[in-house]
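> The lines below spell out each chain.
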Amino acid sequence: MDLIGKKKFDFIKNRRIVYIISAVIILVSLISIIFQGFNLGIDFAGGTLIQIRFDKSVSITEVRNVLSEFNLSRSTIQNLSENEFVVRTEKIDSEQRKEILSAFQENLTDLEILRVETVGPVIGENLKKLALYALLFAFIGIILYITMRFEFKFSIISILALSHDCLIVLGIFSLLQKEITISIIAAVLTIVGYSLNNTIVILDRLRENIKFKTREPFENLINMSINQSLSRTINTALTTIIPILALYFFGGNILSDFALALFIGMIAGTYSSVFIASPLLLEWNKIFKIHQKGIRITGKKGKK
Amino acid sequence: MNWTKTLRLASVFVVIFIAIILSFPLNEKINLGLDLQGGSHVILECVDTPNAPVDNDAVNRVLEIIRNRIDQLGVSEPVIQRQGAIRILVQLPGVEDPEAAVDLIGKTALLEFRNEEGETQLTGAHLIDAKSSFDQFSRSIVLIEFDKIGAKEFGEATKNNVGKVLAITLDGKEISAPVVQEPILDGKAQITGKFTVESAKHLAILLRAGALPVKVEILENRSVGPTLGRDSISKGVKAGIVGLILILIFMLIYYKSFGLIADFALVVCMILIVGALAGLKATLTLPGIAGMILTIGMAVDANILIFERIKEELRLEKTFRASIDAGFNKAFRTIFDANVTTLIAALALFYFGSGPIKGFAVTLSIGILASMFTAIVVTKIVLEVVAAKFSSKALL
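Taken in sequence, the protein lines are chains B and L.
The working numbering numbers the first residue of the first sequence as 1 and each following residue consecutively.
The working numbering numbers the first residue of the second sequence as 305 and each following residue consecutively.
Bear in mind the hints are in silico, worked out from the structure with no lab data behind them.
Cβ atoms here follow ideal geometry from the backbone N, Cα and C, with glycine treated the same way.
Computed, partial: chain L to chain B, Cβ under 7 Å:
| # | residue |
| --- | --- |
| 1 | Asp-407 |
| 2 | Val-528 |
| 3 | Gly-547 |
| 4 | Ile-551 |
| 5 | Ala-594 |
| 6 | Ile-600 |
| 7 | Gly-601 |
| 8 | Val-604 |
| 9 | Glu-612 |
| 10 | Thr-645 |
Result set (DSS-like, lysine-lysine): computed pairs, CA atoms no more than 27 Å apart in a straight line:
| # | chain 1 | residue 1 | chain 2 | residue 2 |
| --- | --- | --- | --- | --- |
| 11 | L | Lys-560 | L | Lys-615 |
| 12 | L | Lys-411 | B | Lys-98 |
| 13 | B | Lys-98 | L | Lys-505 |
| 14 | L | Lys-477 | B | Lys-91 |
| 15 | B | Lys-98 | L | Lys-498 |
| 16 | L | Lys-634 | B | Lys-153 |
Turn these sequences into a full structure, and let the hints guide you.
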């Protein structure tokens with residue numbers, strides 16, 4: 001057949017290798033999440049964040065020395081440039097903050113306060129709950145929608161692919177001990193929407209092919225569908241990643257972690273849409289012994 | 305060109321025109337969030353103390369006093385809202401010094417006059433006026449005036465402490481410790497502390513608005529100075545322009561004439577997003593800018609989907625016109641399904657997110673809708689017009 005002849009890659013034949021790669025990445029992510037945990041930002045853990053710009057360049061050690069006078073030596077200090085710093089401490093009130101800032105001024109140099117955020121433990125717990133609700137709401141909404149438009153098994157497979165993507169993003173953030181803030185949760189939710197977008201394009205193609213090419217073995221249909229949408233998948237991944245990279249390099253430090261999460265998520269999402277989602281559909285059919293359109297699924301490459 | 309096509313093309317230009325009208329001039333029509341224009345977002349909670357338990361009445365009075373203080377600070381369009389039983393939300397957009405402003409709203413501001421033994425002689429409860437001024441050495445001072453009862457009490461206090469220190473404290477902290485030269489009976493006094501012009505002004509505001517009846521605690525405070533806000537805007541805009549230009553070039557190189565059409569659609573999409581933001585009076589936040597940048601990528605997605613489909617149809621030896629129709633029909637459902645799922649995620653963010661994240665959800669949603677509109681309506685009309693003049697070979 002003409003279209004099979006144009007097939008470039010055999011995604012089904014090599015699916016075991018892909019499963020192993022994904023399994024390893026997910027295992028590493030899970031181990032890191034379980035044993036190392038997340039570096040929760042003040043949004044969730046509570047605390048105070050101060051972003052300051054000194055008039056002259058200042059070293060991290062100098063900043064830390066001043067903080068240790070206030071018993072805050074355990075704070076995290078991040079230098080954004082040689083005179084701009086983000087300091088995260090336990091929750092301190094405005095009086096303490098003023099004292100610290102004037103100590104900076106006396107011991108180091110004049111400064112400007114760019115940003116101050118203080119989140120109490122009650123609000124932090126509340127935000128944790130809201131983030132969890134948002135994730136749950138999105139997942140349930142998506143299952144319902146896909147079940148309505150496609151089939152239940154499509155939605156389960158989409159959710160598996162999604163969880164795969166989210167786990168990788170969260171796992172890498174845990175591994176690198178990057179801060180988890182509300183923005184990162186927003187990025188994860190965006191990835192949920194986007195990764196699904198890719199999966200749907202391929203599954204949609206599959207649905208169409210199942211309808212019109214009833215005599216093809218299911219394996220071939222899957223391969224055909226992935227290959228048919230491959231140039232589209234790669235191009236849209238590129239056009240989404242280009243602005244994200246622009247955001248990462250030019251968008252400033254507040255957005256850079258957000259862009260990083262999106263970047264990892266887009267890569268994982270594109271990969272899972274192509275390599276994971278559709279092959280999983282084959283596994284599903286095998287497990288539940290569904291013979292797609294009466295064609296026997298042998299587990300080997302189908303014959304015409 | 306036939307009648308309906310002309311009409312549809314015209315309506316597209318009308319929509320673009322309306323979007324431009326809505327968003328011009330940009331700096332007036334686009335509502336900036338606290339993280340971009342600078343300002344403070346504060347959540348306060350009234351807490352019980354043994355002397356002053358919190359009840360509904362106390363919370364209402366706190367609300368009123370805080371509103372009073374903020375009004376006097378001269379913040380334009382502040383938000384002061386009660387949230388639930390004991391919490392108060394305060395948003396102060398565009399304040400030059402967010403730190404000082406937050407300080408001003410969270411202070412109890414209990415003014416006391418104490419003798420050398422530390423006993424309270426009288427409080428600021430009977431003040432009728434307080435204003436900042438300068439003494440003869442041009443130091444900043446605060447002038448206060450008591451009502452009749454207050455004047456009498458103040459007279460007593462000064463009479464009993466002639467030649468001794470009568471300390472003036474605010475929330476238990478000493479601001480100044482003058483020695484009483486002679487009894488003051490007219491109910492007027494001046495506080496000389498180590499004031500700056502600004503801090504004298506703030507103390508006067510606090511004293512005028514009165515002390516809070518209960519203690520309040522700051523649960524959450526997010527303040528952004530105006531410098532960082534401006535910085536964020538310029539960096540966000542820069543990232544957006546770089547991303548946009550790269551995408552325009554990519555589409556042009558990869559899809560040639562089709563790419564040019566997609567680029568036109570993308571620019572239209574951006575104009576529509578800005579127009580919708582202005583028209584809906586939505587607030588643009590920093591994550592919102594990120595959402596717009598993200599839509600740049602997503603907006604061409606639908607176009608790519610359509611073009612790839614049309615190319616496939618052309619390979620089946622269909623006519624250009626028929627390929628366009630078939631390509632659009634087949635791509636439509638996919639585009640729709642894929643975008644609805646992103647909308648579901650955006651809805652979840654809008655519903656459960658707070659300020660800046662809500663802004664992200666809003667721009668993302670507007671972006672998705674605008675990109676669907678431009679792909680399905682704008683791209684299609686332009687393609688049809690082009691198809692009537694050129695062959696597919698000339699374009700691909």
